[in-house]
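S.K.: Keeping the supplied structure of chain A fixed, place chain B upon it in accordance with the hints.
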Amino acid sequence: MRFGVVVFPGTWSDCDFHYVISEVLHEPVKYVWHRERSLEGLDCVILPGGFSYGDYLRAGAVAGRSPIVDALRDFVAGGGLVLGSCNGFQILCEAGLLPGALMRNECLQYRCQSTHLVVENVDTPFTRGLRPGQVLTMPISHGEGKYHASPEALADLRRRHQIVFRYAEADGRVTKAANPNGSLENIAGVANPEGTVLGLMPHPERASEAAMGGTDGILLFHALLGSLVEDGTFLKR
Amino acid sequence: MKLRVLVRLKPGILDVQGAAVKRALVGLGFSDLTDLRVGKVIEVELDAAGPEAAQARVAEMCRQLLANPILEDYTIETADDLAPRRAVR
Numbered sequence: 000m001r002f003g004v005v006v007f008p009g010t011w012s013d014c015d016f017h018y019v020i021s022e023v024l025h026e027p028v029k030y031v032w033h034r035e036r037s038l039e040g041l042d043c044v045i046l047p048g049g050f051s052y053g054d055y056l057r058a059g060a061v062a063g064r065s066p067i068v069d070a071l072r073d074f075v076a077g078g079g080l081v082l083g084s085c086n087g088f089q090i091l092c093e094a095g096l097l098p099g100a101l102m103r104n105e106c107l108q109y110r111c112q113s114t115h116l117v118v119e120n121v122d123t124p125f126t127r128g129l130r131p132g133q134v135l136t137m138p139i140s141h142g143e144g145k146y147h148a149s150p151e152a153l154a155d156l157r158r159r160h161q162i163v164f165r166y167a168e169a170d171g172r173v174t175k176a177a178n179p180n181g182s183l184e185n186i187a188g189v190a191n192p193e194g195t196v197l198g199l200m201p202h203p204e205r206a207s208e209a210a211m212g213g214t215d216g217i218l219l220f221h222a223l224l225g226s227l228v229e230d231g232t233f234l235k236r
Numbered sequence: 000m001k002l003r004v005l006v007r008l009k010p011g012i013l014d015v016q017g018a019a020v021k022r023a024l025v026g027l028g029f030s031d032l033t034d035l036r037v038g039k040v041i042e043v044e045l046d047a048a049g050p051e052a053a054q055a056r057v058a059e060m061c062r063q064l065l066a067n068p069i070l071e072d073y074t075i076e077t078a079d080d081l082a083p084r085r086a087v088r
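Those sequence lines, one after another, are chains A and B.
So the first sequence is numbered by numbering that gives the first Met the number 0: it starts at 0 and just counts up by one.
So the second sequence is numbered by numbering that gives the first Met the number 0: it starts at 0 and just counts up by one.
Rather than coming from a laboratory, the hints here were simulated on the basis of the structure.
Note that the structure is a prediction, hence the values are computed from the model and not measured.
C-beta: ideal position from N, C-alpha, C; glycine also.
There may be inaccurate statements among the hints.
Quick look at which bits of chain A chain B covers, simulated, 3 or more residues with Cβ under 8 angstroms [to be verified]:
#, segment
1, 50-61
2, 98-105
3, 147-159
Straight-line distance between alpha carbons at most 20 angstroms, and here's what the computed DMTMM-like set of lysine to aspartate or glutamate pairs gives [claimed, not checked]:
#, chain 1, residue 1, chain 2, residue 2
4, B, K9, A, E143
5, B, K1, B, E59
6, B, K39, A, D54
7, A, K29, A, E39
8, B, K39, A, E143
9, B, K39, B, E76
10, B, K9, A, E105
11, B, K1, B, E51
12, A, K175, A, E143
13, B, K39, A, E39
14, B, K21, A, E105
15, B, K9, A, E151
16, B, K39, B, D72
17, A, K175, B, D14
With the rest of the complex left out, here is chain A:
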């Protein structure tokens, strides 16, 4: 699978994603500058975390209107896979490629911590092979991660099974205490109705090797590569 990692001015997780894809997964990957207008030859495009354009106006607002995002619309229409993490999720929402919006954390603090995520939808290319209700541990690092959607949009999300991850306790219970930013219904990640575009606030690339303190993030990549086995772990290659 050929990966592209999009770089905006102010992106900071681009090298981390590139490292995980090239050095941990040994898959082909290249950087894509935000002024580029083509995503030809790629199977999966990553929008990494960071502070694109300094988060001016709103987080992801300016990046969401950049030339590469126009190319991304065609890429998605053609069935291409897109993973947006943290600022990448904000950009996907601002660009209208995912529903909803991300707001200032309810606690007003920047939250940099480990979180537990319960998997709600295993019918996306990013979660196929995981178990429904499986709990993954990944870090978050953001000040504007409170997911918001109108009541109508939330009803659509539920009806189309677009809610992919919720913040939860270690045992998978979805509680207010497990919600780090005040997100609506503890939502940590959503997909488009087709499941080909996934946005999440947590950082899978920062939980991809034992040395990082966890390896649950790499499961999303193994799901993509089709190398997950039935119990939600992956085959060692």
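M.R.: Quick look at chain B alone, frame taken from chain A:
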């Protein structure tokens, strides 16, 4: 032509910044304060045939970028509205 855009969170959406500023003001003794919400001011200058054309152009800017319709409402003030509003120094 100069215009001013006011962007604010929609009614009913919790404004955590506003709540924090309100708490600080109450702490300073403004106990009569009942509500406070924080928004954004964007000053725009553009070439336009007239006020209506300018207004329409800026409204398009709001739709495409300046406001997020999921979270925010906006109002556009034209030169007439701007004139009496002098900054306090």
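S.K.: For the pair we were handed, K39 (chain B) and D72 (chain B), check the Cα-Cα distance against 20 angstroms.
M.R.: holds, 11 angstroms
S.K.: Measure nothing beyond the straight line between the CA atoms of K9 (chain B) and E143 (chain A); if it is 20 angstroms or shorter, mark the hint as holding.
M.R.: holds, 17 angstroms
S.K.: Against chain B, does the segment 98-105 of chain A show at least 3 residues with beta-carbon separation below 8 angstroms?
M.R.: holds (count 6)
S.K.: Assess, step by step, whether the Cα of K21 (chain B) is no farther than 20 angstroms from the Cα of E105 (chain A), and give holds or violated.
M.R.: holds, 15 angstroms
S.K.: Go check the segment 147-159 of chain A versus chain B for me, would you? Three or more residues, Cβ under 8 angstroms, otherwise it fails.
M.R.: holds (count 4)
S.K.: Starting from K175 (chain A), check that the Cα of E143 (chain A) is at most 20 angstroms away, please.
M.R.: Within the cut-off at roughly 18 angstroms; holds.
S.K.: Please check whether the segment 50-61 of chain A has three or more residues whose CB lies within less than 8 angstroms of a CB on chain B.
M.R.: holds (count 4)
S.K.: So if I understand the rule, the pair passes when the alpha-carbon distance is 20 angstroms or less; does K39 (chain B) with E76 (chain B) pass?
M.R.: holds, 13 angstroms
S.K.: Within 20 angstroms, alpha carbon to alpha carbon, are K39 (chain B) and E143 (chain A)?
M.R.: Judged against 20 angstroms, a Cα distance of about 17 angstroms means the pair holds.
S.K.: Decide if the proposed pair is consistent with the structure: K175 (chain A) and D14 (chain B), CA atoms, cutoff 20 angstroms inclusive.
M.R.: Measuring from Cα to Cα gives roughly 19 angstroms; hence the hint holds.
S.K.: For the pair supplied as a hint, K39 (chain B) and E39 (chain A), confirm whether the alpha-carbon distance does not exceed 20 angstroms.
M.R.: violated, 39 angstroms
S.K.: Are K39 (chain B) and D54 (chain A) close enough, with their CA atoms no more than 20 angstroms apart?
M.R.: Since the Cα atoms of K39 (chain B) and D54 (chain A) sit roughly 14 angstroms apart, the hinted pair holds (cutoff 20 angstroms).
In summary, the one numbered hint that this structure violates is 13.
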